Amino acid sequence: MFVRGLKRKCFDGEEDIEGTLAGIKAIPSYNLQRQSLLDMSLVKLQLCHMLVEPNLCRSVLIANTVRQIQEEMTQDGTWQMINTQSTGQASLDRLVSTDILCRSSRDQAEGKHGPAYGTFSKDFESDQAQDSSETMSTASAVQTPRNLQSNVWEMESPQENKGNFQKSLDQIFETLENKSPNTVEDLFSEVDNSYYDLDTMLTGMMSNTKMGHCDSLETFSSPTNTAPNSNCKSDLNDLDHIVEILVES
Amino acid sequence: AADIISTVEFNHTGELLATGDKGGRVVIFQREPESKNEPYNQGEYNVYSTFQSHEPEFDYLKSLEIEEKINKIKWLPQQNAAHSLLSTNDKTIKLWKITERDKRPEGYNLKDEEGKLKDLSTVTSLQVPVLKPMDLMVEVTPRRIFANGHTYHVNSISVNSDCETYMSADDLRINLWHLAITDRSFNIVDIKPANMEDLTEVITASEFHPHHCNLFVYSSSKGSLRLCDMRASALCDKHSKLYEEPEDPSNRSFFSEIISSVSDVKFSHSGRYMLTRDYLTVKVWDLNMETKPVETYQVHDYLRSKLCSLYENDCIFDKFECAWNGSDSVIMTGAYNNFFRMFDRNTKRDVTLEASRESSKPRAILKPRRVCVGGKRRKDDISVDSLDFTKKILHTAWHPTENIIAIAATNNLYIFQDKVNSEMH
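Protein sequence lines correspond, in order, to chains V and H. When you line the first sequence up against our numbering, it's residues 1 to 249, in that order. When you line the second sequence up against our numbering, it's residues 250 to 674, in that order.
Bound-form chain V, shown alone:
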């Protein structure tokens, strides 16, 4: 789709790529921009307004964009390259702790590797329930894929990870499916029990959820991460608002 060495389209502040420059120099900056577009898109998908149902059209368009980027990255084979670059930045301790957080019990039972995207999707299933612990876990899950993948990619084929990623995106829309149950039984029948284990774990860990949220974002941030703390603040304001509504009603 995109030939290396050609000037990229539709990225702002395009750098002039001289004709004499080899494609090699062009690739990192294009990939960096593509990666930042991917990050931005994932953040956008997370930041569904807590109070009003998110705009489905916007969510679908962003999710499709993310899929496109991921497909291209897989085709390019640059997915591996990006992740080996970021390996050194994450400490092993952090990897282990996030690994535990993000493994669903089902994945553990099956002894699967590469839990990141699987649980990323699980977090998304209840991101509409405005639980701050979920927000925190979602945020951390976004960071872990790139860190975890550095170990995981050597073992798995790109194809499998593509499937995981696809699944995680797709399950964003399951949220809406699950959010409109006809009966109370439906509401509970569709809930995945393994999630509650994660939930209990997280709420147990988070004594002060507000502080925990911001701290975790800063802890897990990598240099290429563009998720600003301002997003965190808006989530906190929304949380206050929700508490207000719950108290008032």
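If you are wondering where the hints come from, they were derived from the structure by calculation, not from laboratory data. Possibly wrong hints are sitting among the right ones.
Which chain H residues face chain V? A few, computed with CB under 10 Å, are given here [unchecked claim]: (1) Ile-315; (2) Tyr-401; (3) Val-451; (4) Thr-453.
Estimated spans, in silico, between C-beta atoms of each pair [unchecked claim]: (5) V:Gln-75 <-> H:Ser-635: 37 to 43 Å; (6) H:His-427 <-> V:Gln-75: 47 to 53 Å; (7) H:Ile-394 <-> V:Gly-77: 54 to 60 Å; (8) V:Val-52 <-> H:Glu-388: 29 to 35 Å; (9) V:Glu-72 <-> H:Asp-550: 50 to 56 Å; (10) V:Gly-77 <-> H:Phe-665: 53 to 59 Å; (11) H:Lys-365 <-> V:Val-52: 46 to 52 Å; (12) V:Val-52 <-> H:Lys-640: 43 to 49 Å; (13) V:Gln-75 <-> H:Glu-544: 32 to 38 Å; (14) V:Val-52 <-> H:Ser-519: 38 to 44 Å; (15) V:Gly-77 <-> H:Ser-519: 51 to 57 Å; (16) H:Ile-440 <-> V:Gln-75: 27 to 33 Å; (17) H:Cys-621 <-> V:Gln-75: 35 to 41 Å; (18) V:Val-52 <-> H:Lys-367: 52 to 58 Å.
No experiment lies behind these values; they were computed from the predicted model shown. From the three backbone atoms N, C-alpha and C, an ideal C-beta is built for every residue, glycine too.
Mind docking chain H on chain V? Use the hints.
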């Protein structure tokens, strides 16, 4: 922010203009009849009625607010002295009846002028109450409430030419209602996949054909239009015609799909064409040609190199509407910086105008504006980088027969009339 205008619609004669806002209110303007005594007061629009159409609601099951913002207003064709309109928020459509009262009965036997019961001993004869003139009073009453028809957010409503039915479209489904029946509707389009994981496309707008009561069109987030025939089957998931323009490979980017998403679709008055708006263009489609539009007009192509920033600040998801003039010769759509654009289909000339207090004094002629993209810059040109993206004109309407346009600029409504000539300059 409650008075941000969210929809604008003329009625079928152009005598009335309705606006809906973010706070759930509807304001109706009425055109003053032209009088020879005051030639400069020709046909101005004044407030006729204001009412609260929708209130905010809270969906306790989902723990989500339902916004009271009015997404669309559509007038019903007038069938008697009363006017009727449909207004909708994300979930509920309401039918409102607007009536005038300019007379009241006086001379009751049992009650006095203030409505108090008379002392019966003072009543010595019977009288017939007579109607006496009074100050005009406009009364608005909700006649029907069409609720619980939509799981997703309603983006369009359209009254059928049969004047008995109308449709409402949300992101995934389109329902057909009878205007007199509120407890049920027919689902005529359902694009919800069995597995929500497979969702990649949503419905963005829909409209009935102006003359053929069995035909309607709906647009999608992937830039396609589907013309459906309700006679073909009860569930119109299979389109009769699919209108889609193949992608231009030289312009391909990660934003291609987003900018191809159709934000509005409008049939021409003739019923022969459809007008669509996507992020950067307006297109005219001939109903008989499915492969590509017959005309494409660039609204603000200078934004093509800014798509990443516009994606970041969410502007790329802005939904602009489009409009035909009465004779289908000129099309109009809004843009940023309170600019709006008009394209004359015959002369192929276009103009950019601005809706702002500074540049619009009463009876002043609007000055054409220009956006410069580098190179030679003329006086009064605006550079792309100084455009104000918070000032967006999403909602515009054109009088059904005359050259009068209504432009909603955030919380201000501008009404422009072209008295001198109708040629584009």
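Handout entry: Satisfaction of the hinted span 38 to 44 Å by the C-beta atoms belonging to Val-52 (chain V) and Ser-519 (chain H)
Key = Cβ of Val-52 (chain V) to Cβ of Ser-519 (chain H): about 39 Å, so the range 38 to 44 Å holds.
Handout entry: Hint check for Asp-550 (chain H) and Glu-72 (chain V) - Cβ pair distance inside 50 to 56 Å
Key = For Glu-72 (chain V) and Asp-550 (chain H) the Cβ distance comes to about 25 Å; the hint is violated.
Exercise for the section: Verify the interface restraint on Val-451 (chain H): the C-beta must sit less than 10 Å from at least one C-beta of chain V. Expected result: Holds: closest Cβ of chain V sits about 5 Å from Val-451 (chain H), inside 10 Å.
Problem - Consistency of beta-carbon spacing, Glu-544 (chain H) to Gln-75 (chain V), with hint 32 to 38 Å - result: holds, 36 Å
Problem - Gly-77 (chain V) paired with Phe-665 (chain H), Cβ distance criterion 53 to 59 Å - result: Check passed, 56 Å falls within 53 to 59 Å.
Handout entry: Supplied distance hint 54 to 60 Å, evaluated on CB atoms of Ile-394 (chain H) and Gly-77 (chain V)
Key = Once the Cβ atoms are compared, 57 Å apart, the range 54 to 60 Å for Gly-77 (chain V) and Ile-394 (chain H) holds.
Handout entry: Residue hint Thr-453 (chain H), partner chain V, criterion CB-CB below 10 Å
Key = holds, 6 Å
Problem - Range agreement (Cβ of Gln-75 (chain V) with Cβ of Ile-440 (chain H), hint 27 to 33 Å) - result: Given about 29 Å between the Cβ atoms, the range holds.
Practice task
Could you say whether the range 52 to 58 Å given as a hint is met by the Cβ separation of Val-52 (chain V) and Lys-367 (chain H)?
Solution key: holds, 55 Å
Practice task
Given the range 51 to 57 Å, decide if the beta-carbon distance of Gly-77 (chain V) to Ser-519 (chain H) lies inside it.
Solution key: This hint holds: roughly 54 Å between Cβ atoms.
Exercise for the section: With 46 to 52 Å as the target window, see if Lys-365 (chain H) and Val-52 (chain V) comply at their CB atoms. Expected result: Given about 49 Å between the Cβ atoms, the range holds.
Practice task
Given the hint of 43 to 49 Å, check if Val-52 (chain V) and Lys-640 (chain H) actually sit that far apart at their C-beta atoms.
Solution key: violated, 23 Å
In summary, the numbered hints that this structure violates are 9, 12.
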